[in-house]
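Residue numbers (this note's numbering), protein chains in the order written: chain A, 1 to 304; chain B, 1 to 618.
Treat the hints with care, as some may be off.
[Said to hold, decoys possible] Within a straight-line C-alpha distance of at most 30 Å, the following computed DSS-like cross-link-like pairs (lysine-lysine) qualify:
(1) A/K39 x B/K328
(2) A/K32 x B/K328
(3) B/K328 x B/K112
(4) A/K39 x A/K281
(5) B/K328 x B/K264
(6) A/K236 x A/K32
No lab work stands behind these hints, which were simulated from the structure alone. Model, not experiment: these values are computed from the prediction.
Single-letter residue listing:
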Amino acid sequence: MPSPVMVNSRSPIPVQAERMNRIEDRIARIDKQIASGEKFTEPAEDPSGANRAAMLSRLDSRLLADQRSLERATSRLSLSETAIESANDALLRARELTLTAANGTISADDRKVIAREVQVLRAQLLDSANARDESGRYLFGGSRNATPPYVADAAGAVQWRGFSQGPGAEAAGIGTGAPPRGPELFGDALTGTFAQLRALEEALAEPDAELRTPALAAVLEGLETGYNRLVLGQAKVGAGLARLETEGNRIADARLDTAEALAAVTGLDLTAAIAELEALKLSLSAAQGSFTRVYDGSLFDRLG
Amino acid sequence: MSDILAIANSGVRAYARALEVVADNVANAGTPGHVRRTSTLSPAIVEGGQPPLELDPVGGNGVRLTGIKRAIDLLKVDTVRRAEGQVNALDSLDRWLGSVQSALTGANALDKPIAELFGSLSDLANDPTNPAVRQTFLAKTEMLADRFNRTAADLERVEGDMMLEADTEVRTLNGLSQGLAAVNAQLRRATVGSSASVVLADERDRILARLSTIVSFEVRIDGRGQASVRIPDAGGPLLVDGQTASSARVVPSGAGLTLRIGPKGADEAATLAGGTLAGLSSARTFITQARTQLDSLADRVTDDMNRVHRDGVDLNGLDGGDLFSTLKPVVTPARANGGTARIGAELADGASPGPLTLGFDGTDWTLARDDASASVTGPLPLVLDGVTVDVSGGSADNGDLFRVKVGTGAAGIGLRPLAPADVAVAARWLADAAPANLGDATAGVRLGVASVPPAIAPFTVSALPGGGLQLSDGVGTILATGAPGDWLAGDGFTVRIEGTPAEGDSFAIARTGSFDGGNGNAIALLALRDTGGAAGTLGEAQDLIVTRISVPLAETRTRGDIARGNRDTAAEALTQASGVDLNTEATEMLRLQQAFQANSRIIQTAREIFDAIVSATA
């Protein structure tokens, strides 16, 4: 606590000292600012600036979280894209095989070979439909993504066991960042792609050409629909990826802007600070100089 | 002839005394509180009239020192005292607001943990089932609670320290007022104008100057120089009157402090208008305000997060519980404790005990409710009402007491003992359009009232011919009917179909099961980031707490600079009038010295004349 001011011949001296102290305080503060490169070290130095800085850093941490969200959703969509491509390949091969089988000259043994390949293709398709993301969750199972969404039952029928929608980039405010639900890619249990492959196997096993030909034609049509569905799904995933990328660019730009704004609010104008420091040092030495001259001795010194 | 000698003698004596005053001034040039003295000389009058044989008395009877005066300007002194009071009020407010600001910012700042909590919630929404992400979320939640606890504890400590300073200041105030009463008593006995009374007046002003740093007051000085002091102005209660000093004490009142003067029971309240105590009083209002706001922010975080968290479903498929607990035990050792024991306390999940006291009788500990309705005795640890107390270090003395209070608000917020799987990330109910649907309608679902008896899952909404909708349960019981856009009430949920469903379309409604990877509730929790209450969003509310301290602090500093400037100007003006100026004293010394020498010379001359007469007559 400062001592109370009392009447005293030397009280100009404490007052002068206090004035010089104040200049020194300002010098110390500028020194601190220059060392830290920041305009204020505590909110009271610039309350509104501190408030704005708090808002900006909050915005930045939010943008950072959004960015992570987008990255995660992007990786999930990219994995979906790969899975859909692999499913596409399987379907194209199945169509080829169906066309081959529809050729009347093909033998029963050849059909057996084809049927075996169709089984392999079905397994490949099942793998694609049960593709997983990097944390091991099934991509096309919606929110029920802990267990494989497509499982063949005892009769060989494959049904979707997922539900609703899986996680996408909702945290970043984007509703279209989730992988498509299984039925959007593979259709339903009755008419979907798995049902078509099963129908193909059955048709291949059919000895009667009269029955086999229309069955194969129906399968061909069904496979065509399935293929179109996959292409549509792929386009949706592509559109989702593009949307995420656009959003990602926006966030990157916004983070840059935020960093710039933050620098403008909290950053120190070094030139101005150093100029002020020099000016203060000058006035301090002037104050010290004039003090020593003014209070240098009295008449008593001159009395001989 | 002897007259010349007598006159010159009086001159020598008077100027010697006057030179003493100068010497005293010069000697005390550096003494705080020393007011420049001036000596008053006046012609001496011989008592008893003229000698009867002198017909034509010429000249006087010499000179005498009639008094020593202090070169004081009471108005200027008063101005300095008031300015000093202002400076001290602003200085103490500055110091304590600075402490509050540090308690709210820096390592204690809440903005970072709040932002990180929402950041980890965002990660949780991206990766709802990942145990590591869930664990991170819990850690961030605990960090936020911990930061609240620490800030609350810091603010409480700041308030305690501030009250301690107020007590110390009042003790100093009482000491000064007693000192002033004693000086008054001596002034009453001293002769006015004597050097003793001048020294006492200096002492009186010194005490008043120190008093002005603590409180602002109105002082009256009577003819003998005795001061009577009222706080804060002529209408306030008397602190010192003549030789009696009333005792003062400071008590918390409302948000600030009040000074009470006089014996307990017959005391009067004095307003604090200046001085350290006024600064402390207004600092206390800011501390109280910050603590209240911090508590309400903590309550808001607890209420909002718990409410939303309860709506969700955890990884085991169970309804979410509370995320935060709201009570934490706080142990305070009694001041009179002789031992060094440090006691820690834990609160069982869900317990809400009243105040407890823990005592040690030399062999056993007793933990008792304050209303004495229950107690347990034995060695530590002891458990009562869900509170477990244990010693964490040191040893206790016989008779030591510890108060166990339950902290609420920012002091009470804590993370409940949750496992990563207990975080309710998924929404409780989900709706899904059947894969074979032909229409483009979508289903939205939210929480509703559970029905009694419970309906049997699974639930389905089907589009009927004619555009109507029907919600039925697993055994075909129709629970509700309606049109697209209506909320249909089911068992624990309500569902709404939006868009145009084709006839025969159906929508399944299912409760989220264990290990499902939905993120609906994480998104709902994340939405709290943007939910604004009366004080804005959580981040804005926390900013507001800081701004409500930093703005007045900045203002206090500006006002402090101005007040110091005013004080310095007033002090300089006072010094001009009352201070010792060495140049003036040197001049005065020369003048007095010359007068002294002249008088000595006259004595010498008188002697020479006397000698001349004696030798002439010899």
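Right, here's what the structure says about each hint:
1. This hinted pair does not check out: A/K39 and B/K328 have alpha carbons roughly 39 Å apart, beyond 30 Å.
2. Restraint check for A/K32 and B/K328: not satisfied, since their Cα atoms lie roughly 40 Å apart, outside the 30 Å limit.
3. Restraint check for B/K328 and B/K112: satisfied, since their Cα atoms lie roughly 23 Å apart, inside the 30 Å limit.
4. Between A/K39 and A/K281 the CA atoms are separated by roughly 19 Å; this keeps the pair inside 30 Å, and the hint holds.
5. Of the supplied pair hints, the one linking B/K328 and B/K264 is violated, its CA atoms being roughly 37 Å apart against a limit of 30 Å.
6. A distance of roughly 55 Å separates the Cα atoms of A/K236 and A/K32; the hinted pair therefore is violated under the 30 Å criterion.
Checked against the numbered hints given earlier, the structure breaks hints 1, 2, 5 and 6 and satisfies all the rest.
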